Structures are given as C-alpha cells and as structure tokens.
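There are 4 protein chains.
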Amino acid sequence: MAETVSTRLEVRWGECDPAGIVYHPSFIDWFSVARMHFLAEHGIQYMREFHDTGITIVVTDVACKYILPLRAEEHIEIVAKLVECSRTRLHFEYDVLKSDGSLSARGSTRHAFVKHGVIQPVNLQKASPELWTRIASLPTLARA
Amino acid sequence: MAETVSTRLEVRWGECDPAGIVYHPSFIDWFSVARMHFLAEHGIQYMREFHDTGITIVVTDVACKYILPLRAEEHIEIVAKLVECSRTRLHFEYDVLKSDGSLSARGSTRHAFVKHGVIQPVNLQKASPELWTRIASLPTLARA
Amino acid sequence: MAETVSTRLEVRWGECDPAGIVYHPSFIDWFSVARMHFLAEHGIQYMREFHDTGITIVVTDVACKYILPLRAEEHIEIVAKLVECSRTRLHFEYDVLKSDGSLSARGSTRHAFVKHGVIQPVNLQKASPELWTRIASLPTLARA
Amino acid sequence: MAETVSTRLEVRWGECDPAGIVYHPSFIDWFSVARMHFLAEHGIQYMREFHDTGITIVVTDVACKYILPLRAEEHIEIVAKLVECSRTRLHFEYDVLKSDGSLSARGSTRHAFVKHGVIQPVNLQKASPELWTRIASLPTLARA
Chain A
627 MAETVSTRLE
637 VRWGECDPAG
647 IVYHPSFIDW
657 FSVARMHFLA
667 EHGIQYMREF
677 HDTGITIVVT
687 DVACKYILPL
697 RAEEHIEIVA
707 KLVECSRTRL
717 HFEYDVLKSD
727 GSLSARGSTR
737 HAFVKHGVIQ
747 PVNLQKASPE
757 LWTRIASLPT
767 LARA
Chain B
627 MAETVSTRLE
637 VRWGECDPAG
647 IVYHPSFIDW
657 FSVARMHFLA
667 EHGIQYMREF
677 HDTGITIVVT
687 DVACKYILPL
697 RAEEHIEIVA
707 KLVECSRTRL
717 HFEYDVLKSD
727 GSLSARGSTR
737 HAFVKHGVIQ
747 PVNLQKASPE
757 LWTRIASLPT
767 LARA
Chain C
627 MAETVSTRLE
637 VRWGECDPAG
647 IVYHPSFIDW
657 FSVARMHFLA
667 EHGIQYMREF
677 HDTGITIVVT
687 DVACKYILPL
697 RAEEHIEIVA
707 KLVECSRTRL
717 HFEYDVLKSD
727 GSLSARGSTR
737 HAFVKHGVIQ
747 PVNLQKASPE
757 LWTRIASLPT
767 LARA
Chain D
627 MAETVSTRLE
637 VRWGECDPAG
647 IVYHPSFIDW
657 FSVARMHFLA
667 EHGIQYMREF
677 HDTGITIVVT
687 DVACKYILPL
697 RAEEHIEIVA
707 KLVECSRTRL
717 HFEYDVLKSD
727 GSLSARGSTR
737 HAFVKHGVIQ
747 PVNLQKASPE
757 LWTRIASLPT
767 LARA
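Respectively, the protein sequence lines represent chains A, B, C and D.
The opening residue of the first sequence carries number 627 in my numbering; numbering runs sequentially from there.
The opening residue of the second sequence carries number 627 in my numbering; numbering runs sequentially from there.
The opening residue of the third sequence carries number 627 in my numbering; numbering runs sequentially from there.
The opening residue of the fourth sequence carries number 627 in my numbering; numbering runs sequentially from there.
Quick caveat, the hints were computed from the structure, so don't treat them as lab data.
Wrong hints could be hidden among the right ones.
What the hints assert, rightly or not - Taking lysine-lysine pairs in the DSS-like style, the calculated list, with each CA pair at most 25 Å apart, reads: (1) Lys691/D with Lys707/D; (2) Lys691/C with Lys691/D; (3) Lys724/B with Lys741/A; (4) Lys741/D with Lys691/C; (5) Lys741/C with Lys741/A; (6) Lys691/D with Lys741/C; (7) Lys741/B with Lys724/A; (8) Lys691/A with Lys691/B; (9) Lys724/C with Lys741/D; (10) Lys707/B with Lys691/A; (11) Lys707/D with Lys691/C.
Just so you know, these numbers come straight off a predicted model, no measurement behind them.
Turn these sequences into a full structure, and let the hints guide you.
And the structure:
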C-alpha cells in the first residue's frame with residue numbers, strides 16, 4: 627500500500643482572511659481531511675470504524691510551518707504520511723503543495739486513542755483487537 | 627504594562643466536533659483572538675495600526691499541545707505573552723485554562739512582518755518607524 | 627423574564643474574508659451563540675439540559691438579511707428573541723447591531739426537537755415533560 | 627452552457643458539530659463554494675476577474691431549509707443555478723443532495739455588486755462593461 631496519500635483540494639473563499647490569504651488554522655483543518663483520506667485509502671472509514679464503535683483518535687499535538695501563502699481558488703495537494711504507529715499513539719506528517727509543486731506548508735499531528743466521553747488513553751489492541759490489526763498494517767516509517 | 631494578557635471566552639457549539647469536544651483548530655483561532663487582545667490592551671489596534679497601513683503580521687509557525695478537552699459552554703481563559711520581539715519577528719505563547727484553572731492546552735505562534743500583497747518579510751523599523759517604536763515598547767522576555 | 631437577550635461579541639479576524647468584512651456564514655454561527663445565551667439567561671444550559679439528556683434542538687430553517695458590513699475588532703450586540711414556541715418547534719429572531727446601534731443584519735432560525743442519532747421530530751412534552759415545562763415558560767410573542 | 631453546475635464534496639469532520647451532524651452554517655459556506663464553481667465553469671474566475679479588479683459580489687440575503695442531516699465522510703452534490711441576474715444584483719439557488727440523490731437542504735443567496743472598501747452597490751455595466759458582458763451571458767431563468 628502507498629506510504630503517502632495525496633488529497634487534492636481547491637482553496638475556499640471562506641478559508642481565507644482579510645489579508646487575502648488562507649487563514650492559518652485552515653491548514654490544520656486540512657490535515658484532518660488528509661488524515662481521514664489516508665485512512666480511507668487504506669480501507670479504514672473513520673466514521674464507521676472508529677467514531678461509531680466508540681473510539682476516538684484525538685489530537686494531542688499539532689505543529690505547522692508556513693512557507694508560501696495561498697489564496698482562494700488555488701488548487702493544492704496535501705501529502706500525508708504516517709510516521710509512527712503504536713498501540714496507543716499515531717504520528718502523521720503533511721506537506722501542503724501549491725499547483726506548481728512548491729511547498730506551501732509542512733506540519734504534523736500526534737494522536738492518542740481514547741474512549742468516547744472519557745478522553746482517557748486506551749491501548750487499541752486491548753480496546754479493539756480487530757481495529758488494531760488494521761491500524762498495525764498501515765504503511766509507516768516507524769512502529770513501536 | 628502587564629506581561630501577560632488574559633482573554634475570557636465561552637466555548638461555542640460551532641467550535642466543537644462530533645467527538646463532543648472542541649475541534650483542535652479552534653484553539654489556533656483562539657490564539658489569534660488572544661494575540662489581538664494582547665496588542666489592543668497595549669494600545670495597538672491591529673486593524674487600524676497594522677491592517678489599514680498595509681502591514682500584516684503573518685504567522686510563520688504554530689504549535690499546540692492539547693492536554694484537557696473542552697466542550698461547548700465552558701468558560702475558558704487564554705493567557706497570552708510575547709516571548710520574543712525583533713524588527714522582523716514576533717513570538718507569542720498561550721495557555722488555555724479551564725474555569726478551575728487547570729491547563730487545557732499550551733501553544734505558541736511565530737510571526738513575521740510583511741507588506742500586504744507581497745508577503746515578503748520587512749524590517750518593521752524601516753517600514754514604519756512609528757509602529758516599530760510601539761511594538762518595541764511591548765513587555766517581553768527577550769528582545770533581539 | 628426579559629423578552630430579549632443581548633450578547634456582546636468582538637468580531638474575530640478569522641470570521642472575516644478576503645473582502646475585509648465578516649464572512650456571511652459567521653452571522654449564522656453568532657445566532658447559535660446568541661440562542662444558547664438566550665436559553666442560559668433563562669436558566670437552561672443547553673449542554674446539560676438538552677445535549678446530555680439526548681435531545682437536540684436542530685435547525686430546520688435559517689434566513690438572514692445583511693445590511694451593513696462588519697470588520698474585525700468591531701464590537702457588536704446580538705439581540706435574540708423567541709417569537710414562537712410549541713411542543714415540537716421553536717422560532718427565534720436576531721438583530722445584529724453595530725456599536726453605534728445601527729442594524730448590521732437581521733435573521734431568524736426555526737427549530738425542531740429531535741432525539742440524538744435519530745433526527746426524528748419529537749413532542750418535547752412527551753419526550754421530557756420537565757424540559758417542556760421550562761421551555762414553555764420562556765417569554766415569547768406567540769405560543770402554539 | 628449548462629444552466630446548473632454540480633459541485634461534489636465530501637463532508638469534513640470539522641464541518642460537523644457535537645450532535646454528530648453537519649453544523650448548519652457549513653451549508654451556507656458550501657453555497658459559496660458552489661457559486662464560485664458555477665462562475666468558474668462559465669469561464670469567470672472570481673478571484674482574478676472580480677476580487678483583483680476591486681469589485682466584490684457581496685451577499686445581501688441568505689436562506690436555507692434543512693431536510694436531511696449529513697455526517698462526516700458523506701459524499702454530497704451541490705447543484706447551483708442562477709435564477710436572476712441584473713446590472714446590480716444576482717440571485718442563486720442551491721440543492722444539496724445526498725449520495726442517493728435525496729435532498730438534504732435547499733437554499734438561496736442574493737447578491738449585490740459593490741466596490742471594495744466602499745460596500746456601496748454599483749451598476750456592474752457602468753463599473754466594468756467587460757465583466758457585465760460576461761455576467762449577462764450566464765444561463766439564467768430570469769433577467770432584469
């Protein structure tokens with residue numbers, strides 16, 4: 627399976643701010659879109675397989691470095707990869723590319739598996755062995 | 627002048643996600659609210675003194691660590707401080723506190739001064755000596 | 627009890643668009659803030675009394691007329707009133723006022739009571755007699 | 627040219643609320659996406675041809691009726707059509723369809739042409755005869 631998954635989007639007017647460029651938190655929102663797309667491309671529909679079964683993948687850390695601004699109607703590509711994966715944690719990285727391939731932003735998110743309503747980390751292998759098998763089979767650079 | 631500025635908000639329904647908690651990019655949006663409030667409390671109205679004069683404070687880096695989730699209608703406090711300030715850059719840090727004083731999240735943003743429409747860093751002292759004088763007088767921990 | 631409830635907000639940078647004014651869906655979001663504040667001022671905390679008990683007040687219709695644009699850092703007031711209230715439906719109206727009292731926008735929302743996860747209208751009096759008693763005691767212009 | 631333009635989107639996690647369904651202002655945001663796509667499909671890139679030339683198409687009225695809720699990862703289609711077009715005003719209508727073709731929501735937006743920074747209605751034919759020629763050639767049901 628592919629180690630990176632690309633998501634193509636067109637920048638929305640509502641994602642931009644009075645400076646005429648994309649408002650920086652919009653990139654963090656795009657990381658969610660790209661991450662769910664990464665999982666879906668590997669056969670894991672987040673809503674059905676996580677949300678509906680009572681397990682949430684919460685974000686514990688986010689970081690983003692902004693390099694080239696974007697404006698509405700630009701076509702962009704978000705390249706997501708899973709850099710680390712354990713029974714309790716995930717770590718993704720993202721490159722946001724402009725249509726000419728230049729780098730607009732680079733970011734990362736770290737995650738924990740938690741139970742709905744509790745927000746207490748769980749060991750996914752114990753909480754849902756079947757889901758863990760599928761997460762463990764995702765292509766990644768490091769595995770704990 | 628105060629070295630930290632507190633902004634009190636009530637979490638909005640629309641800032642939360644299907645997990646029932648605040649969607650993580652909302653915190654990054656709150657940092658903007660807190661930062662503009664920090665400047666306003668020190669006599670700098672961002673819209674009038676920066677935006678309207680053609681100088682934008684863009685975000686070059688953002689980071690946030692999420693510790694305790696929040697949900698709609700919670701009363702929170704965002705404590706902002708300027709940790710570094712130079713002719714070309716700013717660096718803010720933020721603590722998001724729950725109503726009981728516990729830490730919900732901690733983050734930071736780094737900024738450059740740019741000219742509208744160009745998005746090319748400028749030396750604020752050269753671009754607007756008057757604005758630089760005011761920025762340079764902000765309370766901060768480090769000054770380059 | 628007051629027939630109208632005022633909510634005071636400061637326009638956020640992230641609520642504005644590249645035209646330099648508030649992006650129009652932000653007003654619809656403010657209506658939610660004002661509506662939950664209206665209920666809270668009358669002793670009904672939406673999260674605890676509706677959301678946590680499995681009853682959702684969904685929006686079935688929204689309308690807004692935009693009159694004067696707003697920009698970031700403006701201080702506004704949203705005046706909400708409940709114009710109609712029945713066992714199955716609510717109807718709110720909102721005025722968004724600028725700091726000089728002039729009308730920026732006027733809108734309305736219509737709602738139904740539904741059960742979580744089902745999204746099927748319920749008769750609130752049957753679903754939760756206690757909640758119905760409290761809703762029925764809200765000040766309103768019309769009651770069905 | 628086509629009288630309706632379809633825009634296909636996948637519902638984003640961040641567009642949903644704690645009720646587990648799309649937060650209602652997100653539909654209003656989608657109308658903007660669909661409207662800009664309608665114009666682009668007819669050869670009018672909004673950013674280049676309106677925004678950059680100092681003319682804004684502001685929203686003066688919005689309305690939406692919500693019929694079937696949506697949740698994250700659903701594939702939807704927004705069908706936009708221009709129902710009225712004059713030298714000073716535009717009027718669009720939108721149907722939001724679920725993947726099985728059922729109607730999730732139906733809405734409309736009304737617009738005026740204004741000059742940047744002034745927010746005063748202009749006669750597009752006088753302000754920009756060339757842009758007016760192109761707008762006047764859009765397929766529509768009524769023309770004033």
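Check your understanding: Does Lys741/D pair with Lys691/C here, judged by a C-alpha cut-off of 25 Å?
Key -> holds (19 Å)
Review point. Given the proposed pairing of Lys741/C with Lys741/A, does the C-alpha separation stay at or below 25 Å?
Key: holds (22 Å)
Check your understanding: Taking 25 Å as the top limit, are the C-alpha atoms of Lys741/B and Lys724/A close enough?
Key -> holds (21 Å)
**Study point:** Pairwise hint evaluation, Lys741/A against Lys724/B, where the allowed Cα distance is 25 Å at most
**Key:** holds (21 Å)
Review point. Given the proposed pairing of Lys707/D with Lys691/C, does the C-alpha separation stay at or below 25 Å?
Key: Between Lys707/D and Lys691/C the Cα gap is close to 20 Å, so the pair holds against 25 Å.
Review point. Lys691/C and Lys691/D: Cα distance at most 25 Å?
Key: Given that 25 Å is the threshold and the Cα spacing comes to 15 Å, the pair holds.
Exercise for review: For the pair we were handed, Lys691/D and Lys741/C, check the Cα-Cα distance against 25 Å.
Suggested key: holds (19 Å)
Practice item. Would you check the hint for Lys691/A and Lys691/B, treating anything up to 25 Å between C-alpha atoms as holding? Key: Holds - the C-alpha atoms of Lys691/B and Lys691/A are around 15 Å apart, at most 25 Å.
Exercise for review: Take the C-alpha atoms of Lys691/D and Lys707/D, compute the straight-line distance between them, and say whether it is at most 25 Å.
Suggested key: holds (17 Å)
Review point. Between Lys707/B and Lys691/A, is the straight-line Cα distance small enough, at 25 Å or below?
Key: holds (20 Å)
Review point. Holds or violated: Lys724/C with Lys741/D, Cα cutoff 25 Å?
Key: holds (21 Å)
In the structure shown, no violation is registered for any of the earlier numbered hints.
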